[in-house]
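J.: For the protein sequence lines, the chains are A and B, in the order given.
Heads up, the first sequence is in the numbering used here, so the first residue is 48 and it goes up one at a time.
Heads up, the second sequence is in the numbering used here, so the first residue is -13 and it goes up one at a time.
Just so you know, the hints here were simulated from the structure itself, not pulled from any lab data.
Treat the hints loosely; a few may be bogus.
[To be verified] The list that follows gives simulated cross-link-like pairs (lysine-lysine, DSSO-like), each with its CA atoms no further than 30 Å apart: (1) Lys204/A with Lys496/B; (2) Lys147/A with Lys534/B; (3) Lys68/A with Lys362/B; (4) Lys534/B with Lys71/A; (5) Lys302/B with Lys283/B; (6) Lys(-8)/B with Lys104/A; (7) Lys(-8)/B with Lys534/B; (8) Lys283/B with Lys80/A; (9) Lys496/B with Lys63/A; (10) Lys376/B with Lys56/A.
Listed here are the chains, written in short residue letters.
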Amino acid sequence: MAGNNPNLKPMNLTLKVWRQKNNKAAGALETYKAENISPEMSFLEMLDVVNENLAHKGVDPIAFDHDCREGICGMCSLYINGRAHGPEQGTTTCQLHMRKFNDGDTIVIEPWRANAFPIHKDLSVDRSAFDRIQQAGGYVSVNTGGVPDANAIPIPKSIADKAFDAATCIGCGACVAACKNASAMLFVSAKVSQFAMLPQGKVEAKTRAENMVAQMDIEGFGACSNIGACAAECPVGISLENIAILNREYLGAKLTSQNV
Amino acid sequence: MILDSKIPEGALAEKWEKHKFNVKLVNPANKRKYDVIVVGTGLAGASAAASLAELGYNVQAFCYQDSPRRAHSIAAQGGINAAKNYQNDGDSVFRLFYDTIKGGDYRAREANVYRLAQVSVDIIDQCVAQGVPFAREYGGLLANRSFGGAQVSRTFYARGQTGQQLLLGAYSALNRQIAYGKVKMYPRTEMLDLVMVDGKARGIITRNMVTGAIEKHSAHAVILATGGYGNVFFLSTNAMGCNATAAWRAHKKGAFFANPCFTQIHPTCIPVSGDYQSKLTLMSESLRNDGRVWVPKTKEMAERLRRNEIRVSDIKEEDRDYFLERKYPAFGNLVPRDVASRNAKLACDEGRGVGTTGLAVFLDFADAIKRDTQAKVAAKYGNLFDMYAKITGENPYETPMRIYPAVHYTMGGLWVDYNLQTTIPGLYATGECNFSDHGANRLGASALMQGLADGYFVIPYTIGDYLAQMPAARVETSHPAFEEAENNVRGMINRLLSINGTKTVDEYHKELGLLMWDYCGMARNAEGLKYAKGKIRELREDFWKNVKVMGVNEEFNQTLEKAGRVADFLELGELMVDDALNRNESCGGHFREEYQTPENEALRDDANYAYVAAWEYTGPNAPSNLHKEDLKFENVKLTQRSYK
């Protein structure tokens, strides 16, 4: 079947892929050929094709994380040619298409690299640290039932929209991968500022900021030095402004700490 | 076995209230003595796990993803229905109930659907309290939009990412309970078998997908919230990992599977572009609020367009056929999904399809942009337009989108009674995993509603009734039933790893998917279904002789994971075909070509098929037993569905 742009010709590529049997084993870059790749393919479909060929040759397929392939679940990762989620701005790896590459290119594919994200295998890493940070305070403490009518809490549209922008974080970890310090500040700030803006979240805003930052430190993420690589590589455009909000919330919380 | 749906007595509007009073309660101090397993952490699973933990039960939750936040509910775009009537446009619980029953082509249970409409209003309150940032008007109150199959605006939304925001809300509630120690979370863990003791569900066997460890988990009850089985078709809008394994293995242990042939083909997806394609991407139904669906009036013109001899802009207004507006003036582009899909297929079958394959129709926003400005259209649908542009390399603000139907949702699923309990005592199914609320066709924005209704507001009551009647004593995982189930799981894994054949798992999956799409997809007929049944059996036999699964169990082995799921799809696919063959009528998503009206609409046979087909597993390669639950309609009149 022809693609949408039938004039685009199939490409031949060289891949250099990080292979690592498990968390304890040493890893190395291995070279593979990706041949007859349609520019219409997504990056992950290109890897599917490579994996099918490897399987037929009896070589263990490359392990990588992926699920929705719509850019929303945050499961896919990959450090492609030195950039989190590859060369296209504002895009997850699953939404990156091969038309962004040229015939004959060499593509280097590595996993997220951060102490807080240990490697499971090849390109798959353990991001459970992110879940533990959320467990430390990324919620409003309400039980099911017994809540007020939804329209009893009016929220100005401009604030609701801003809270929404922060809430769209997909938790992929690109911010950590892109940061030279492997800091998780952008990730933490997205949740802290979403709730700090909304009346529902204000009640616990102080303890939330303190507890989530404390957990971030426990997990071994680095410090933020305000370079902004995180926001530049964020596939959903979480803004650096959130880090400023987090710093304000955190400072305010520490000055009047309720956690003593 | 006679199916007892356990629908409470009394008037429709009073059933749930009465039932909530009549169910037995577990005393607050005793709840901590009971353990509940929840498999799946999408909207249905995460909401159930959090709510049960809040009540005091000990919950063990499982998901195959690396985090519960990634369950495929996250990808739902358009919205969630609720009968709030905030718009003062005539909505009510009864209207939502009526629209859902009618939209489902009268193949859903009245009592369940009414309850769904009742609790829909509580869901919105709950989500707002959690801090879910729904769209709002300038006055600060919640905004609504309309969706297919309804003439009121009752859909709450968060741009095109409603599922994400609702799931993150449920995930946050779940996280809070994990932090309290009331939920033990097992990510990257797959359920591979159900454990039954004395005829009751008492645990599960899982595989740790990082280490391969096979583990045993015991509880007093098990809830499956594992989603649908759309990936039988290989290409679907489901996530790559979505699978039917937990539900199917429970089916093989005795849980009946209901209406497996009821699958929803969503009309607005990005068309297939090549045989390497791994999944299909949905464009939210909300786009049909402003987008107009059309194809060229003549086959000749469509052919010239496909050959790039003319451009879209060369086709004059009078040469365009806005077929949904023409055929269904009352609902226009907002007809239900099954109707929109079938009409797109008809247009393409007539040779009027567009795109290089001819398997696409246009979804055109030119009028909306002219009327409302591009900025306004972008504010509503920006992320969807971006996604389309990324995937196709085309700018949908300038050229119309090309769309084609794709498998999206499965209305069928494990049979459950009013309490959401399957035919196995102590085994519950919630959300898309069960069959209960959408009949033969689901309306847009109703899946999120059902998932959260089941998890937040139904199962916390109904499971208590079951637990209150059983002793708190735990079953140890050293019990022989656990050993036996574990041995079965290990046996199947070892078998898969020892075949060492020549065909990959994906090759089998693609072949199955194509068979299902061609013969059990948008249109079915007896001859094709019989052919497909034979072919699926051959494929399954070949799979177990010739599949290539490398590596060992005790490692991160994605091929092994897929192999087990495809093995189950190869069995479930046959049951879907059996069910489609049995149902000699057309209804909703099930369109049998032999049964249609002169206008090509679905022709139901209420006299003979107003029942739920619940299938009982009888053994490998043995025909399943059909059990019928008759559907009684006391509050709506069965009519030929008309959206004209």
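J.: Of all the hints given earlier, name the ones this structure violates by number, lowest first.
T.: Going through the list in order, the structure violates hints 1, 2, 3, 6, 7, 8 and respects the others.
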